[in-house]
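Could you build the full structure based on these sequences and the hints that come with them?
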Amino acid sequence: MSEAGPTGATHGDAAAPLLTADRVTRVYTLGRDNEVHALRGVSFVVDRGEHAAIVGSSGSGKSTLLNLLGALDRPTSGHVRYDGRDVRDMDDTELAQLRNGSIGFVFQSFQLLPRLSAVDNVILPLVYRPGTPRERRDRALAALEQVGLADRVTHRPGELSGGQQQRVAIARALVTEPALLLADEPTGNLDTRTGEEIMALLEQLHRDRGTALVVITHEMEIAERAERRIELRDGLIVNQAAA
Amino acid sequence: MSLRESVRVAMQALRANRLRSALTTLGVLIGVMSVVLLVAIGQGARSEITGAIEGLGSNLLFVLPGDGEFGAGPQRSSFEVEDVERIDRSLPGGEGRAAGSLVGAEAVQAEGNRFNATVFGITEHYLGVVDRTIARGQALSASDVATGRRVAVLGASSAETLFPGQDPIGRTISLGAIRYRVVGVLERVGTTAFGPDVDRQVLIPISAAQRLFGSSRVDSIFVRAESAVGIEADRDAARAALAERLEEDEFSVVSQDEIIGVVGDILQILTWTLAAIAGISLLVGGVGVSNIMLVSVSERTREIGLRKALGARTRDITRQFLFEAVALTGLGGVVGLGLGILAAEVVATFAPVPAEVTWWSIVLALGVSVGVGLVFGVLPARRAGQLDPVTALRHE
Numbered sequence: 000m001s002e003a004g005p006t007g008a009t010h011g012d013a014a015a016p017l018l019t020a021d022r023v024t025r026v027y028t029l030g031r032d033n034e035v036h037a038l039r040g041v042s043f044v045v046d047r048g049e050h051a052a053i054v055g056s057s058g059s060g061k062s063t064l065l066n067l068l069g070a071l072d073r074p075t076s077g078h079v080r081y082d083g084r085d086v087r088d089m090d091d092t093e094l095a096q097l098r099n100g101s102i103g104f105v106f107q108s109f110q111l112l113p114r115l116s117a118v119d120n121v122i123l124p125l126v127y128r129p130g131t132p133r134e135r136r137d138r139a140l141a142a143l144e145q146v147g148l149a150d151r152v153t154h155r156p157g158e159l160s161g162g163q164q165q166r167v168a169i170a171r172a173l174v175t176e177p178a179l180l181l182a183d184e185p186t187g188n189l190d191t192r193t194g195e196e197i198m199a200l201l202e203q204l205h206r207d208r209g210t211a212l213v214v215i216t217h218e219m220e221i222a223e224r225a226e227r228r229i230e231l232r233d234g235l236i237v238n239q240a241a242a
Numbered sequence: 000m001s002l003r004e005s006v007r008v009a010m011q012a013l014r015a016n017r018l019r020s021a022l023t024t025l026g027v028l029i030g031v032m033s034v035v036l037l038v039a040i041g042q043g044a045r046s047e048i049t050g051a052i053e054g055l056g057s058n059l060l061f062v063l064p065g066d067g068e069f070g071a072g073p074q075r076s077s078f079e080v081e082d083v084e085r086i087d088r089s090l091p092g093g094e095g096r097a098a099g100s101l102v103g104a105e106a107v108q109a110e111g112n113r114f115n116a117t118v119f120g121i122t123e124h125y126l127g128v129v130d131r132t133i134a135r136g137q138a139l140s141a142s143d144v145a146t147g148r149r150v151a152v153l154g155a156s157s158a159e160t161l162f163p164g165q166d167p168i169g170r171t172i173s174l175g176a177i178r179y180r181v182v183g184v185l186e187r188v189g190t191t192a193f194g195p196d197v198d199r200q201v202l203i204p205i206s207a208a209q210r211l212f213g214s215s216r217v218d219s220i221f222v223r224a225e226s227a228v229g230i231e232a233d234r235d236a237a238r239a240a241l242a243e244r245l246e247e248d249e250f251s252v253v254s255q256d257e258i259i260g261v262v263g264d265i266l267q268i269l270t271w272t273l274a275a276i277a278g279i280s281l282l283v284g285g286v287g288v289s290n291i292m293l294v295s296v297s298e299r300t301r302e303i304g305l306r307k308a309l310g311a312r313t314r315d316i317t318r319q320f321l322f323e324a325v326a327l328t329g330l331g332g333v334v335g336l337g338l339g340i341l342a343a344e345v346v347a348t349f350a351p352v353p354a355e356v357t358w359w360s361i362v363l364a365l366g367v368s369v370g371v372g373l374v375f376g377v378l379p380a381r382r383a384g385q386l387d388p389v390t391a392l393r394h395e
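As given, the protein sequences belong to chains A and B, one line each in that order. When we follow numbering that gives the first Met the number 0, the leftmost residue of the first sequence carries the number 0, and every step to the right adds one. When we follow numbering that gives the first Met the number 0, the leftmost residue of the second sequence carries the number 0, and every step to the right adds one.
Please keep in mind that the hints were generated in silico from the structure rather than gathered at the bench. Be a bit skeptical, because a hint or two may be false.
[As the list claims (entries may be wrong)] Covered stretches of chain A, as calculated for chain B (at least 3 residues, CB under 8 Å): (1) 94-101; (2) 116-128.
[Claimed, not checked] Negatives, chain B to chain A, calculated, CB over 12 Å: (3) R7; (4) P91; (5) I316.
Values in this document were obtained by computation on a predicted structure and should not be read as measured data. We treat Cβ as the ideally placed atom computed from N, Cα and C, and that holds for glycine.
Structure follows, in structure tokens:
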């Protein structure tokens with residue numbers, strides 16, 4: 000692993016792993032003398048095309064880790080690197096480009112905009128990159144077809160079942176063709192059967208497109224489907240096991 | 000995000016909250032409408048009044064008491080009839096171009112009809128100098144003025160009031176206790192919204208007026224220049240003639256254009272004052288926009304967090320909300336402008352006050368409404384842009 004200099008690594012390094020967490024800590028200051036050490040030094044690597052699960056109970060620091068991996072937050076110390084580039088060195092525009100271009104988010108609560116139709120929800124990340132409305136729509140329709148919702152494109156989230164909503168969210172995540180799908184408890188709001196379908200869909204996309212898939216979950220059954228499990232407890236990795 | 004996309008997203012959000020958007024816009028709309036309407040009324044008043052001064056006839060010089068300094072109070076006149084004659088004789092190219100007047104108010108009555116008239120004591124060339132014409136009968140003659148004969152010329156309305164449906168020529172009117180014989184009636188001038196109604200005048204020889212009002216003076220002297228070119232020569236001649244008897248600071252000779260300039264300036268200030276007052280309501284509308292945008296930002300915190308997670312820059316979010324604010328105020332500006340113009344038309348049609356919509360009030364109203372959107376939108380928009388995506392996504 001090459002060490003990025005303070006000003007270096009502005010360009011992606013193809014030889015570097017997709018995602019590196021290097022001695023990452025995150026401390027929240029809630030008040031005077033009240034510091035919460037959510038992460039206490041976490042290091043791991045996610046390779047291109049890999050399927051990894053980050054598993055832990057609530058309070059283990061997995062949500063904090065998700066924010067850091069998603070470039071939504073910066074670590075207190077340590078480094079999160081994408082293609083060898085340190086997130087810490089990126090400005091607002093570069094962070095936005097990273098989230099838009101390299102990461103596809105799938106949230107537990109779907110996070111769809113209720114006033115927009117399914118296809119407009121999928122178009123959302125595309126408006127933050129160049130392109131014509133026509134191209135965006137075509138890409139969004141193709142993504143919806145891939146998740147099996149070709150016949151629901153004009154429906155609003157309120158008119159769709161939970162499983163269908165999560166499919167829209169997955170279409171939104173993959174429409175930018177990211178290198179990494181970052182799924183936060185993707186089945187948490189779904190019944191077992193629908194959850195199973197959603198996991199199958201995510202794994203199929205991972206296999207077919209070679210997209211790396213990182214699932215964050217508290218459910219062992221979900222975690223066990225991954226090629227590799229990273230177990231978190233009290234802000235530390237207690238186990239990194241290949242399945 | 001492209002500009003076009005920002006506009007589309009902003010419009011989408013406004014449509015999602017139609018009633019709220021409409022009510023917010025209303026504040027700005029009313030502000031813009033008041034600016035356009037009040038400025039139109041101010042401008043209308045200005046052209047009406049300057050028009051009334053121009054109606055006295057072009058190329059007119061006014062000889063007024065005092066040094067003519069703007070802002071000085073009314074001055075006591077030192078002019079006498081003799082000064083009018085001296086000026087008239089001094090003017091190049093013949094006599095009959097200078098006239099004097101002494102103005103007072105007096106109850107006038109005839110055959111049981113009575114009203115309070117503006118009584119003008121005049122010298123013999125007055126009507127010609129101020130461009131009035133006799134409709135019936137005759138004007139006051141030089142001998143009327145010289146002897147102080149008790150004769151009168153009535154304005155058109157005065158004649159109708161005193162002698163409804165009758166010919167006033169040869170009849171008698173009373174001013175106070177003194178009786179005058181009517182020798183002529185003036186052509187109707189028509190009403191103006193401002194200033195005294197010139198058709199309700201009663202004109203008598205200045206010598207008679209001096210007796211009536213117990214004065215030996217002349218209020219104002221008028222000089223009609225033969226052309227715009229001759230006006231400076233006439234002014235110099237009138238100055239020289241008066242300087243023989245009076246001190247420099249006892250009189251001033253001003254042209255009609257100068258008076259229109261001063262009056263126009265005063266009315267322009269009035270117009271700006273009206274615009275500023277209306278501007279306050281525009282400001283209040285702007286505060287309303289700011290308030291609603293803050294509500295909108297806090298309602299859509301999760302949306303902002305999501306957009307950031309999907310690749311929106313701080314700048315994209317700020318711009319989205321700024322566009323929303325500007326769309327609200329801009330829309331209010333356009334509709335308010337339309338209604339303001341409409342209201343000005345209505346006022347011009349039904350009220351004696353004319354209203355003129357000027358191009359600058361349109362530019363001002365639209366510019367200010369968009370400006371208000373920018374200024375009052377910046378705070379909420381910046382707040383939106385700077386939201387932390389992690390907190391925003393978790394927001395309930």
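These are the hints, each one checked on the structure:
A count of 5 residues in the region 94-101 of chain A with a Cβ less than 8 Å from any Cβ of chain B is obtained; the coverage claim is therefore met, three being the minimum. Taking a C-beta to C-beta cut-off of 8 Å, the region 116-128 of chain A contributes 5 residues in contact with chain B, enough for the three needed, and the coverage statement holds. The non-interface label for R7/B is inconsistent with chain A: the shortest C-beta to C-beta separation is roughly 9 Å, within 12 Å. At roughly 79 Å from the closest C-beta of chain A, the C-beta of P91/B stays outside 12 Å, upholding its exclusion from the interface.
Under the 12 Å C-beta cut-off, the non-interface status given to I316/B relative to chain A is violated; the minimum distance is some 10 Å.
In this structure, the hints that do not hold are numbers 3, 5, in rising order.
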